[in-house]
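S.K.: So you can see what is in the structure, the chains are spelled out below.
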Amino acid sequence: MPKPARHWPEAKPMADGHSDGRRVCVQNGNFHAIRLILQGRTMYDKPRFLLAGDRGLLVEFGAAIDPEINRKVRQIFLSLEKMPIDGLTEAIPTYRSILISYDPFKINAEILKKEILDRENKLDKLEITPPETIEIQVAYGDDFGPDLEFVAQHNKLTPEEVIQIHTSGTYLIYMLGFTPGFPFLGGLSERIFTPRRENPRLVVPAGSVGIAKNQTGIYPIDSPGGWQLIGKTPIKLYDPTGSSPILLKAGNYLTFKRISREEFHEIAKRYKD
Amino acid sequence: MEIFRVVQPGAYTTVQDRGRFGYQQFGVPICGVVDSFAYRVANALVGNFQGQAVLEATILGPTLEVLNQGLIAVTGGNLSPVLNNTPLPMWESVAIHPEDILQFKGVKSGCRAYIAVAGGIDVPAVMGSRSTYVAGKIGGTDGRPLAAGDRLNNGEGMGKGGIRVSPDLIPTYSDDIEIRVILGPQDDYFSDGIERFFSSTFKVSPKADRMGYRLEGSPITHREGVDKSIISEPSVPGGIQVPPDGQPIILLVEQTVGGYTKIATVISSDIGKVGQTKPGDRIHFRQVDLDEAHRILKTEEEKIQSINMSLMR
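Chains as they are written, first to last, in this note's numbering: chain A, 1 to 273; chain B, 1 to 313.
It cannot be assumed that every hint is accurate.
Unchecked claim - No more than 30 Å apart at the CA atoms, straight line, and that leaves these computed lysine-lysine pairs for DSSO-like:
{"no.": "1", "chain 1": "A", "residue 1": "LYS156", "chain 2": "A", "residue 2": "LYS257"}
{"no.": "2", "chain 1": "A", "residue 1": "LYS113", "chain 2": "B", "residue 2": "LYS298"}
{"no.": "3", "chain 1": "A", "residue 1": "LYS236", "chain 2": "A", "residue 2": "LYS257"}
{"no.": "4", "chain 1": "A", "residue 1": "LYS213", "chain 2": "B", "residue 2": "LYS207"}
{"no.": "5", "chain 1": "A", "residue 1": "LYS82", "chain 2": "A", "residue 2": "LYS106"}
{"no.": "6", "chain 1": "A", "residue 1": "LYS213", "chain 2": "B", "residue 2": "LYS298"}
{"no.": "7", "chain 1": "A", "residue 1": "LYS213", "chain 2": "B", "residue 2": "LYS137"}
These aren't lab readings, by the way, just hints derived from the structure by calculation.
Owing to the predicted nature of the structure, the values given are computational and were not obtained by experimental measurement.
Could you build all of it, start to finish, from the sequences and the hints given here?
M.R.: Set out below in structure tokens:
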């Protein structure tokens with residue numbers, strides 16, 4: 001069940017980039033953008049618009065993987081869902097950009113740009129539902145998490161400590177992709193960073209929870225994969241014929257809760273019934 | 001009503017419609033037909049509504065036994081269709097009868113053929129579409145390509161036989177084609193690479209499927225000092241990725257996000273042309289601007305409308 005929404009940190013003033021960054025001038029047709037490239041967080045002063053063919057407009061809000069930038073992605077994306085623009089056919093939110101697909105017989109890229117800029121200027125006035133946090137129950141170790149021991153050894157921890165660290169984090173769902181419902185999560189503690197497996201598995205079972213470098217994630221569907229598997233959730237992230245086929249949504253948060261093997265089977269059984 | 005029994009599935013035959021929209025934010029790609037022109041004309045020939053599902057056959061077509069009276073039209077690449085061992089005219093509606101055998105004898109031109117049946121291929125819609133998405137195990141026949149023994153149903157149809165497209169409106173599929181593109185979104189990651197991209201001829205590699213076409217040619221180099229990959233972002237059908245090895249990949253309909261730089265994007269009118277090339281065929285690229293791409297799209301739409309009008313007469 002979704003828990004009360006986590007409070008967003010107060011927005012920091014936008015970096016001006018003069019002191020600790022370098023300015024890079026990017027020329028793209030008639031459009032000049034000043035990009036501020038900083039060591040850490042880099043939000044653009046104004047969204048950057050890039051053409052993605054004759055039906056797509058890519059809108060970039062920053063140049064980094066960063067919760068603040070992703071927050072803006074979420075806000076604009078939700079505003080498009082809530083107040084659709086006529087002629088907009090689909091939008092895809094990702095780490096720091098949104099793709100807007102449009103029907104060129106109904107609208108053109110210039111009008112879309114103006115509309116997005118307008119919404120960006122009025123961001124404070126848009127009523128955006130706060131993000132939710134969803135809890136994912138995980139049975140750790142044994143055959144559910146065959147790499148838990150390795151992750152522990154690699155980080156000079158005990159398996160118990162790995163589980164404790166993994167379940168104490170709150171993870172931002174930056175985006176979904178790779179396979180249906182696969183979350184790209186931010187917020188893994190560096191104490192359990194672990195490289196990918198040298199030999200990827202041909203089949204990672206659906207529900208497996210893994211770690212790869214600085215990322216943690218859940219496989220929604222059986223697929224090949226090289227992540228270190230530490231546990232498994234009985235929760236279905238991908239239920240194509242259900243009323244909401246994909247459980248997670250970009251921009252929300254996720255926590256992991258430890259459950260026993262018995263609880264795992266109980267929940268799994270409830271799905272079958 | 002049962003219309004076909006699959007005797008042989010062919011190399012890769014799937015049920016497709018115009019695609020699955022609205023789920024890309026969740027990582028579910030559009031899928032759908034690769035060559036939308038051939039698809040739309042096939043549906044129009046058998047009197048279907050636009051958007052009804054058809055079979056998309058690839059290089060080696062299937063062998064289908066007809067189980068009931070019906071009406072079909074085969075368009076797209078010429079995979080040498082025969083009905084009861086007699087060549088079947090393409091771009092034309094043809095009546096079929098129980099025990100007829102529809103077969104394909106091998107590719108003559110193009111790569112993908114579309115088999116439309118009056119009433120459309122009737123499989124359950126998943127997330128609003130009948131399109132097969134094999135990696136996501138949904139759509140079509142249990143989320144996989146056709147298999148021997150499958151029985152396919154069709155809906156209620158109403159077209160009539162002997163309707164054909166005027167020959168001057170039928171596309172030709174060559175093994176050496178020009179594809180029109182719009183620069184971007186990451187053309188600023190390239191300098192000399194752009195010139196090489198437009199002056200080179202690329203060969204379609206064996207790694208060419210509905211997800212993407214990997215090309216082989218003189219490597220496209222990135223500008224000095226830029227990252228060769230980007231923060232993962234959305235992709236569109238037609239996006240041309242240049243991975244660090246410099247060999248371009250044209251993305252088609254089964255990918256939602258990616259982390260490689262995209263030098264250019266194929267205009268939507270030419271995506272079907274890409275999908276009609278096969279390994280070994282040659283592709284070169286020509287740049288157009290956004291306005292020109294939209295004019296080309298409008299012309300194509302008018303062509304389909306005029307075909308629709310002529311078929312109604």
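S.K.: All hints are to be evaluated individually against the structure, with a verdict given for each.
M.R.: Do the hints match the structure? See the list:
Only pairs whose Cα atoms come within 30 Å are accepted, and LYS156 (chain A) paired with LYS257 (chain A) is accepted, the gap being roughly 23 Å. For the proposed pair LYS113 (chain A) and LYS298 (chain B), the alpha carbon gap of about 22 Å is at most 30 Å, so the pair holds. For the proposed pair LYS236 (chain A) and LYS257 (chain A), the alpha carbon gap of about 15 Å is at most 30 Å, so the pair holds. Of the pairs offered as hints, the one joining LYS213 (chain A) and LYS207 (chain B) holds, with about 29 Å between alpha carbons and a cut-off of 30 Å not exceeded.
Note on LYS82 (chain A) and LYS106 (chain A): the hinted pairing holds, with a Cα-Cα distance of about 19 Å set against a maximum of 30 Å. Annotation: proposed proximity of LYS213 (chain A) to LYS298 (chain B) is violated, straight-line Cα distance about 48 Å (limit 30 Å). For the proposed pair LYS213 (chain A) and LYS137 (chain B), the alpha carbon gap of about 28 Å is at most 30 Å, so the pair holds.
Against the hints set out earlier in the document, a violation occurs for number 6 only.
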